[in-house]
Amino acid sequence: MSAGGMNKRLKVLIAAVLLPLGVLIPFLSLESHYSTQTSAQSTDSALEQRKEQYRAKLQADISKAQQDRLKLRCSVVQANVKNLAGRLGEIQTKRTTAYDAILGELNALLTLLDTQGVDTTNLKTDVTSLSDKVTTYKTQMTAYKQAVDDMTVIDCSQDPVSFQAALNVARSEHDALVTTTGDIRTYITNTIKPALQTMRTQIETGQITGGTQ
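The numbers in this note's numbering rise by one with no breaks, and the one at position 176 of the sequence shown is 176.
Lysine-lysine pairs mimicking BS3-like chemistry, simulated, CA-CA at most 27 Å apart: (1) K64 with K82; (2) K124 with K11; (3) K71 with K51; (4) K124 with K8; (5) K51 with K145; (6) K51 with K64; (7) K124 with K138; (8) K193 with K8; (9) K193 with K11; (10) K82 with K138; (11) K138 with K57; (12) K82 with K94; (13) K51 with K138; (14) K145 with K133; (15) K94 with K133; (16) K94 with K193; (17) K82 with K57; (18) K71 with K57; (19) K124 with K94; (20) K145 with K94; (21) K71 with K145; (22) K145 with K82; (23) K133 with K57.
Hints were generated in silico from the structure; no laboratory data involved.
Please construct the entire structure, taking both the sequences and the accompanying hints into account.
Next up, the structure:
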């Protein structure tokens, strides 16, 4: 490929990467309300194991008085949780798809630059860091959604301790997700996007031409 052809292709691809970055910048807020209708108590062994894990994370014992108060409120809270669980799947799909699309474009760009002999060391480091952040997001989102899903099947009137423990985990994972998605957004805005814009400028001014004809 000629230097001019490479420059044109790189500019088009970089512009294509920048577009979804701009679309992603508005923050897709995660749900933070824990409210929806109860389902039957599941006897699934995996659920029982998760309930044990949730309870193990409790910072303090839940008193009988606290359990009684939770039993009185749990039907309202659990009704809202079911609604939240239904929306989380869509939120997870949309954000994960957006992140994967950006990483896909960035890796395609790196491949093209490598084939043209362009030094991609710094950009590779940036993309790897972004990929690590996205992996963290996916892990946290999976844990958050699982806790919320479990809250729809734990009978809080019969097992308020497990329900409260799952609620605490959901809140903790939600807070972690807010931090992680904010970190990803900031990293894209302040690191990835400027790096791509700088590279595009260098291509336009002939500072990057590649070594393969």
